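*Asks:* Full structure from sequences and hints, please.
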Amino acid sequence: MDTESAYSGYSYYSGRSRGSHRHGERSRDRHKSRSKESSRSEKSVTINAPPAEPLLGDQSVRGEEVQDDNWGETTTAVTGTSEHSLSQEDIVRISKDLDDSVGLDCKRYLNVALSVILGLVVFLTPLAFLILPHLLWPDRLRACGTACEGLFISVAFKLLILLLAVWALFFRPPRAGLPRIFVFRALLATLVLLFVLSYWLFYGVRILDSQDEDYQGIVQYAVSLVDALLFIHYLAIVLLELRQLQPFFSLCVTRSTDGATQHYNLGQLSIQRAAVVILENYYKDFPVHNPALLTASKSRAAKHLAGLKVYNVDGPGENNAAAGIAQSQSRAMIAAAARRRDSSHNELYYEEAEHERRVRKRRARLVVAVEEAFTHIRRMQEEEQKKAPGDVMDPREAAQAIFPSMARALQKYLRTTRQQHLHSMESIQQHLAFSITNNMTPKAFLESYLTTGPTLQYGKDRWLARQWTLISEASVTSGLKDGTVFLLKCIDFSLVVTTKKIPYIQLAEEFIDPKSHKFMLRLQSETSV
Amino acid sequence: QQRIEIHKLRDGDNLILGFSIGGGIDQDPSQNPFSEDKTDKGIYVTRVSKGGPAEVAGLRMGDKIMQVNGWDMTMVTHDQARKKLTKKNEDVVRLLVTRKSLENAVRQSMMQH
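Protein chains in written order, with this note's numbering: chain A, 3 to 531; chain B, 3 to 115.
Hints in this document: simulated from the structure, not taken from any laboratory. All values derive from a computational prediction rather than experimental measurement. Worth double-checking, as some hints may not be accurate.
[Claimed, not checked] Some chain B residues judged to face chain A by a derived CB distance under 8 Å, without partners named: (1) Leu19; (2) Phe21; (3) Ser22; (4) Gln29; (5) Thr48; (6) Gly64; (7) Met68; (8) Gln82; (9) Arg84.
All C-beta atoms, glycine included, are put in the ideal place defined by N, C-alpha and C.
*Replies:* Now the structure itself:
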């Protein structure tokens with residue numbers, strides 16, 4: 003994934019540089035326009051109309067349905083353009099006009115370089131504090147006593163702990179590329195920089211200029227610097243890791259094409275970080291986006307207004323009235339369409355019932371075929387292997403051997419449920435070999451074909467992980483608030499995210515005296531009248 | 003079977019009859035000391051207060067109440083029976099009761115025929 007923007011005071015050998023080497027793809031025109039758009043619009047509304055680009059998934063699926071025996075590779079909706087709307091602080095405002103991709107690479111490397119420099123400066127400062135007096139005025143320096151030497155050990159270990167802690171917190175490979183700077187990291191980096199600068203200032207003025215002889219004092223000064231750095235690291239942990247752990251908001255994520263909805267509980271995050279968390283969960287929770295399933299409703303909608311045509315009987319109107327005429331035309335069409343007695347609901351019902359029946363029939367055939375195929379495979383035990391060495395096959399060969407017997411049934415089923423573009427023949431055979439190796443039952447093997455799984459289950463080209471745009475009215479570095487709405491747009495669908503605050507729960511207590519658990523059996527009551 | 007007419011006595015705000023009832027379809031019939039058949043879930047008179055309107059009218063302990071003012075009492079819950087007896091707008095209740103000695107007499111006479 004992309005680099006985490008801005009400076010982090012402590013990344014030495016970044017996962018960042020590791021990460022940046024991984025990104026082979028750079029931006030093209032489409033990306034450039036988007037980046038300008040998102041970096042310019044701090045507060046403006048950027049709800050885009052559905053893209054003018056064709057729905058690639060749709061077209062290729064239709065193409066496959068025409069050819070009968072086409073098991074072709076999965077259609078890729080990735081067009082080879084990657085899109086990262088990076089905007090980092092001042093650098094972006096300077097380089098907004100950079101047209102070529104080389105500019106963005108420089109940005110990333112600049113980022114990494116700055117963080118490394120800051121880290122080295124911070125790490126070497128205490129050592130410099132300790133060594134400089136020895137270099138500059140060794141003769142006048144008072145000898146270091148026992149307590150002072152003890153402080154050396156303390157400095158050494160504290161620096162080691164700091165190193166390990168920074169490695170644990172900041173050296174992780176970045177999980178996402180955010181459009182704007184990560185505010186907390188930038189703040190922390192600035193804080194560290196100011197802190198170290200002030201220490202240097204003090205050191206330079208009071209110690210170097212006056213050539214202080216009290217070496218113990220200098221050592222204690224260096225120790226205090228390392229202590230303060232450890233505390234800043236603690237602050238970093240709290241701000242970056244701990245603060246968002248307590249759930250505060252509940253986010254409702256809906257996919258625009260088919261309405262699949264999930265809810266997530268998040269803490270107090272900025273909008274861009276919340277978007278990253280949501281996307282990470284999207285890949286495992288939402289069923290894969292299948293454009294082939296949407297064609298039915300579109301054709302119904304088209305048929306609804308299709309039969310109406312508007313004729314303008316009064317001749318060409320004036321320009322001023324053109325808009326009025328257009329409006330009245332559309333209103334007339336809508337009114338006529340509503341009045342027309344259409345039985346599309348009837349068609350829908352019968353069509354769905356028929357489809358259901360067909361799917362069930364094909365599924366039954368498929369299950370039977372697969373079960374028969376699996377009974378042909380028997381697991382060889384170690385002792386029995388010697389009996390018939392000629393028959394032993396590895397799972398791959400076994401899969402290839404039984405695949406033809408169920409291929410047809412599987413193909414028909416996938417075509418009926420419009421999933422055939424999600425599975426290639428190669429992937430099916432691989433899955434079959436996998437099931438055979440792990441001694442799975444036919445039902446376990448079929449599970450991935452009978453139900454649509456999350457996007458992560460399918461090939462990498464379905465992931466489209468680099469094609470997300472964050473569209474939001476509020477600035478993306480501002481925190482989540484109750485009622486925040488933002489969009490995460492991929493190529494042909496978008497995720498609509500709404501935020502709600504988790505209600506404040508007031509618990510009341512009621513004490514039950516254990517002595518009150520006494521019962522009387524009243525089976526024969528007597529009432530006086 | 004005997005018909006007994008009790009005139010309620012006004013005691014302050016209440017109208018009392020001067021006896022206690024037990025039994026009902028929601029009660030445990032095996033604990034009824036007065037019934038011959040221990041599965042009988044009818045309403046029985048368990049106590050009659052001395053000198054009260056019930057005693058004066060001739061009600062005895064152990065009587066089984068069959069009807070109250072025409073309402074059947076053999077298949078009612080305890081509370082329903084109480085309500086039928088303590089209606090505020092009625093000053094007089096007419097009961098149809100059965101007594102064990104009466105029961106035996108009736109049975110014997112039936113067997114003779």
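*Asks:* Hint check: is the beta carbon of glutamine 29/B less than 8 Å from a beta carbon of chain A?
*Replies:* At 6 Å from the nearest chain A Cβ, glutamine 29/B passes the 8 Å test, so the hint holds.
*Asks:* Quick one, is the methionine 68/B hint okay against chain A at 8 Å, beta carbons?
*Replies:* Hint on methionine 68/B: violated, closest Cβ of chain A at ~16 Å, above 8 Å.
*Asks:* Is the interface hint for arginine 84/B satisfied, with its Cβ closer than 8 Å to some Cβ of chain A?
*Replies:* Constraint on arginine 84/B satisfied, holds at 5 Å.
*Asks:* When the nearest CB of chain A is found for phenylalanine 21/B, is that gap smaller than 8 Å?
*Replies:* holds (7 Å)
*Asks:* Given serine 22/B as an interface hint, is the shortest Cβ-Cβ distance to chain A below 8 Å?
*Replies:* With Cβ-Cβ at 4 Å, under 8 Å, it holds.
*Asks:* Would the hint on glycine 64/B stand, with a C-beta cut-off of 8 Å toward chain A?
*Replies:* violated (13 Å)
*Asks:* Quick check on leucine 19/B please, does its C-beta sit within 8 Å of some C-beta on chain A?
*Replies:* For leucine 19/B, the interface hint holds, since the closest Cβ of chain A sits about 5 Å away, which is under 8 Å.
*Asks:* Grab the minimum C-beta distance from threonine 48/B to chain A and call the hint holds if it beats 8 Å, violated otherwise.
*Replies:* Threonine 48/B check passes; min Cβ-Cβ to chain A is 5 Å, inside 8 Å.
*Asks:* Restraint: glutamine 82/B near chain A, CB-CB cut 8 Å. Satisfied or not?
*Replies:* Check failed: Cβ of glutamine 82/B comes no nearer than 11 Å to chain A, outside 8 Å.
Going through the hint list in order, the structure does not satisfy hints 6, 7, 8.
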